[in-house]
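Listed here are the chains, written in short residue letters.
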Amino acid sequence: MIQVENLRKEFKKTIKEPGLKGSFKSLFKPKTERVVAVDDISFEVPKGEILGFIGPNGAGKSTVIKMLTGILTPTSGRCTINGKNPTVNRKSYVKEIGVVFGQRTQLWWDLPLRETYGVLKEIYEVDEKSYRERMAFLNETLDLESFISSPVRTLSLGQRMRADIAASLLHSPKVLFLDEPTIGLDVVVKDNIRRAIEQINRQEQTTVILTTHDLADIELLADRIVMIDKGKNVFDGSVGELKTRYGQMRELNFVTDSTDPESALSYREHFSLDSEDVSVKREGSSVKVRFNSEAVAVSDILAYTLATVRVNDISVKDADIEEIIRRLYKQGVD
Amino acid sequence: MKRAFRIYFPFINAGMQETATYRVNWIFYILGSVLGCFVSYFIWHAVFLSGEGETMNGFTLPQMIVYIFLIFLTSTMIGSDAAWAVGEEVRDGSIAMRLIKPVSYNATFLFQELGNKLLTEMFLVVPLIAGLEIVRTILVGSLQFSVVNLLIYLCSCVLAYLINFFFNICFGFIAFVIKYLWGANMMKNCIVGFLSGAIIPLSFLPETLGRIFMILPFASLNYTPVMIYMGVYQGAELLYFLGLQVFWALFFWGLSKLLWVISVKRLSVQGG
Amino acid sequence: MKQIKRLFRIHRIFVAQELKRMMEYKGDFIVGVIGFLMVQCSNLLFLWIIFNNIPSLMGWSLNEVVFIYGFSLIPKGIDHLFFDNLWAIGHFTVRKGDFDKYLTRPVNTLVHVMFEKLQIDALGELVMGIALVCVSLPQLSIEWSVLKVLLGIAAILFATFIFTGIKTITAAVAFWSKRSGNIIYMVYMFNDFAKYPVTIYNEFVKNLITYVIPFAFTAYYPALYLLTGENPLYNVGMTVLLSAALMSLGVFVWNRGIRAYESAGS
Numbered sequence: 000m001i002q003v004e005n006l007r008k009e010f011k012k013t014i015k016e017p018g019l020k021g022s023f024k025s026l027f028k029p030k031t032e033r034v035v036a037v038d039d040i041s042f043e044v045p046k047g048e049i050l051g052f053i054g055p056n057g058a059g060k061s062t063v064i065k066m067l068t069g070i071l072t073p074t075s076g077r078c079t080i081n082g083k084n085p086t087v088n089r090k091s092y093v094k095e096i097g098v099v100f101g102q103r104t105q106l107w108w109d110l111p112l113r114e115t116y117g118v119l120k121e122i123y124e125v126d127e128k129s130y131r132e133r134m135a136f137l138n139e140t141l142d143l144e145s146f147i148s149s150p151v152r153t154l155s156l157g158q159r160m161r162a163d164i165a166a167s168l169l170h171s172p173k174v175l176f177l178d179e180p181t182i183g184l185d186v187v188v189k190d191n192i193r194r195a196i197e198q199i200n201r202q203e204q205t206t207v208i209l210t211t212h213d214l215a216d217i218e219l220l221a222d223r224i225v226m227i228d229k230g231k232n233v234f235d236g237s238v239g240e241l242k243t244r245y246g247q248m249r250e251l252n253f254v255t256d257s258t259d260p261e262s263a264l265s266y267r268e269h270f271s272l273d274s275e276d277v278s279v280k281r282e283g284s285s286v287k288v289r290f291n292s293e294a295v296a297v298s299d300i301l302a303y304t305l306a307t308v309r310v311n312d313i314s315v316k317d318a319d320i321e322e323i324i325r326r327l328y329k330q331g332v333d
Numbered sequence: 000m001k002r003a004f005r006i007y008f009p010f011i012n013a014g015m016q017e018t019a020t021y022r023v024n025w026i027f028y029i030l031g032s033v034l035g036c037f038v039s040y041f042i043w044h045a046v047f048l049s050g051e052g053e054t055m056n057g058f059t060l061p062q063m064i065v066y067i068f069l070i071f072l073t074s075t076m077i078g079s080d081a082a083w084a085v086g087e088e089v090r091d092g093s094i095a096m097r098l099i100k101p102v103s104y105n106a107t108f109l110f111q112e113l114g115n116k117l118l119t120e121m122f123l124v125v126p127l128i129a130g131l132e133i134v135r136t137i138l139v140g141s142l143q144f145s146v147v148n149l150l151i152y153l154c155s156c157v158l159a160y161l162i163n164f165f166f167n168i169c170f171g172f173i174a175f176v177i178k179y180l181w182g183a184n185m186m187k188n189c190i191v192g193f194l195s196g197a198i199i200p201l202s203f204l205p206e207t208l209g210r211i212f213m214i215l216p217f218a219s220l221n222y223t224p225v226m227i228y229m230g231v232y233q234g235a236e237l238l239y240f241l242g243l244q245v246f247w248a249l250f251f252w253g254l255s256k257l258l259w260v261i262s263v264k265r266l267s268v269q270g271g
Numbered sequence: 000m001k002q003i004k005r006l007f008r009i010h011r012i013f014v015a016q017e018l019k020r021m022m023e024y025k026g027d028f029i030v031g032v033i034g035f036l037m038v039q040c041s042n043l044l045f046l047w048i049i050f051n052n053i054p055s056l057m058g059w060s061l062n063e064v065v066f067i068y069g070f071s072l073i074p075k076g077i078d079h080l081f082f083d084n085l086w087a088i089g090h091f092t093v094r095k096g097d098f099d100k101y102l103t104r105p106v107n108t109l110v111h112v113m114f115e116k117l118q119i120d121a122l123g124e125l126v127m128g129i130a131l132v133c134v135s136l137p138q139l140s141i142e143w144s145v146l147k148v149l150l151g152i153a154a155i156l157f158a159t160f161i162f163t164g165i166k167t168i169t170a171a172v173a174f175w176s177k178r179s180g181n182i183i184y185m186v187y188m189f190n191d192f193a194k195y196p197v198t199i200y201n202e203f204v205k206n207l208i209t210y211v212i213p214f215a216f217t218a219y220y221p222a223l224y225l226l227t228g229e230n231p232l233y234n235v236g237m238t239v240l241l242s243a244a245l246m247s248l249g250v251f252v253w254n255r256g257i258r259a260y261e262s263a264g265s
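Chains as they are written, first to last, in numbering that gives the first Met the number 0: chain B, 0 to 333; chain R, 0 to 271; chain D, 0 to 265.
I should point out that these hints are in silico values taken from the structure, not numbers from a laboratory.
Virtual Cβ for every residue (Gly too), placed ideally from N, Cα, C.
Be aware that one or more of the hints could be misleading.
Pair by pair, the computed Cβ-Cβ distance ranges are [to be verified]:
no. : chain 1 : residue 1 : chain 2 : residue 2 : range
1   : D       : L136      : R       : L30       : 33 to 41 Å
2   : B       : F270      : D       : A259      : 53 to 61 Å
3   : R       : Y104      : B       : I182      : 46 to 54 Å
4   : D       : T198      : R       : L149      : 34 to 42 Å
5   : R       : A129      : D       : Y210      : 27 to 35 Å
6   : D       : L136      : R       : G130      : 54 to 62 Å
7   : B       : E43       : R       : Y104      : 54 to 62 Å
8   : D       : L44       : R       : K178      : 45 to 53 Å
9   : D       : T198      : R       : G130      : 42 to 50 Å
10  : B       : T31       : D       : A243      : 46 to 54 Å
11  : R       : Y104      : B       : S41       : 47 to 55 Å
12  : D       : Y24       : R       : Y104      : 26 to 34 Å
13  : D       : L136      : R       : T207      : 33 to 41 Å
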């Protein structure tokens, strides 16, 4: 479906020295330098997949997305969807895709929402019959009925996002790009949006490329993850793979009635572990122990805990993806 | 005073940096605006060629040239975006935020704009005045430049800027009534342009009309400083017009305070 | 043909949207139109006061000057009314990254930008221009023929695209420099020269507005043809030629600019 080959993008950047003196200097002689925002990125996305596209701030995420949506022209390399290339024929390319930028809207701000769909119908040359069917479907999935007659400027953020997603899907695109679709939304609304995305993906086999800072979006939606950092591709695989590769950290949770479990349990001395391989946190009677399952076996740590303190309730779970990715962003990937 | 300077200096600084950042943009803006002067110049040139006699309503051609370019220089020196800034605040409701801010909003804006101007005027005043005086010397045959007049002119410009600033603050409150600021601003600029002599010297108007316009605050904005530079106002007359400027500056300062009080009442009635 | 039909359809849709929007903000549009009307009135007042002091302006009567002035406002007003959105490109659309939207739509970006907004304020200029031409015409002894009327209309049409072409070229500069609003403004200000008979200028300015930034062909030259019937091949023909040339250059620069567009943010 989507093929990205050796994508690269360079920008020219003006350097301004700080302070008033710097301002004066750049007034007469601005200095520029070349910045490589995206450096040789390649990946493929099969039809019907939801791809989570992640990376820390400034990693080059948006630059890649903007090249994939035909907004930026790559310095070199190419991307194709269904064999179509945005730099060769932008117009036929963008008919294949739908784009939602969470922080911007493509709706007509001053007019009732319905009007936006009327205009987009013409822009994308959707015929009357398909338009009616499409609106019925979008209405059902995204629940637009209650606010479709209100001016866009009066919509809440959640309503606006639903309306924007509907707008991007009006022409039945094969690929949907969602950039921060849940930004600034409350938990319930986030949930609604996620469910709608999932439904559209399932029913129509729409390929979805999702970038987000909310890793719960990734955990709940993404079949696969591509992670980039400093413009380079650093991970490409399923959520499960990410966990097995970087997720040796486990979490042991238990409830105890002993008064001072921390001093009774000395994991570090007992297993002779480094400080980054184990940490203990207590909240009232419940204790949370994070440990590296490669440095110490799960069975050993369980046995030691049960033998040392009186335990009421105990469980071991995988570290969640959010934890893994947070660690990766912080340390960088080797 | 020293404390006030310490508080507001960062705003002057910020204003200067802002201008420096958009340098190229600013240069084009000035170039575009100067073009208008040249259009006026050629029209007046043609007018003097077509008319009889050397002077017209008290102006010779060299004086008219000085007038055209000085009006332009004065306009850029006293120009203020305060109406715009206040209008935006009124429109989006953020004017209510002023109630909880420890520094005076008007003052911060004033100083930021001054910072802006300090940098722009440095690049404008010297070359423009110098160029103008060279041309005038060539045309007239002798040097007409007076340092005293220039200094009084600059003082008069500061007063004119203050009048314009507070007038614009007052005008910004119109956003409570007219929502379309751009249109309202255009109307204002057009009327002020005419009444202040920026489009045609006030002495070209019918006498009674001209005399009324002279007392209105708008003549204090443009016409008065330019007349001072040209040495038309001397002695008692000079003091009278400077006094009038001071009066209008105080008047609009007071009016802006009053309008603020009224809008605070209005805000509290509406609940923000 | 199908393409052209589609363009008209899209234009109609956008205009309809703009009219609906206008209905939501009636007051604004009235303020805007009156504002522009007032600007023109103050310029007229200027002319009128000047002519109170002189019999003619280097041989041009008040009526002739008013006719040229009025004529200049018509193509300017049409361009302003229909294609004003190009200003926004230079001022903030590109800088804020809002240009992204146009690139994700299956419509030519320049067409989309040009058609999207209707600047009703321009009616102030347009109405004034038509009024001035209508008022000054009966006072001028012009011999009319069918050809003259047709050439007059053609001149207005092509003159409009001289404005649009120049605006497109200067707006497109923003793709490289992030903002070009004041470049548009500066170049646009040259059209102030073209509102008056070109003979009042010196050779330098005359050549500048005839050959470099050819605003003189949006008003003075075609108006001269209508007034005197002289030299239609140059006075109107050049308007057509320059209009086509500037619009082509505009499209070329625009397309190059899109490739250099950097959007906003990281």
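Hint check:
1. L136/D to L30/R: 33 to 41 Å: holds, 36 Å
2. F270/B to A259/D: 53 to 61 Å: Since the Cβ atoms of F270/B and A259/D sit about 59 Å apart, the hinted range of 53 to 61 Å holds.
3. Y104/R to I182/B: 46 to 54 Å: violated, 31 Å
4. T198/D to L149/R: 34 to 42 Å: holds, 36 Å
5. A129/R to Y210/D: 27 to 35 Å: Roughly 31 Å apart at Cβ, these two residues keep to the hinted range, so it holds.
6. L136/D to G130/R: 54 to 62 Å: At 42 Å between Cβs, range violated.
7. E43/B to Y104/R: 54 to 62 Å: Given about 55 Å between the Cβ atoms, the range holds.
8. L44/D to K178/R: 45 to 53 Å: At roughly 29 Å between Cβ atoms, K178/R and L44/D fall outside 45 to 53 Å, so the hint is violated.
9. T198/D to G130/R: 42 to 50 Å: 26 Å Cβ-Cβ, so the 42 to 50 Å window is violated.
10. T31/B to A243/D: 46 to 54 Å: violated, 36 Å
11. Y104/R to S41/B: 47 to 55 Å: holds, 53 Å
12. Y24/D to Y104/R: 26 to 34 Å: holds, 28 Å
13. L136/D to T207/R: 33 to 41 Å: holds, 34 Å
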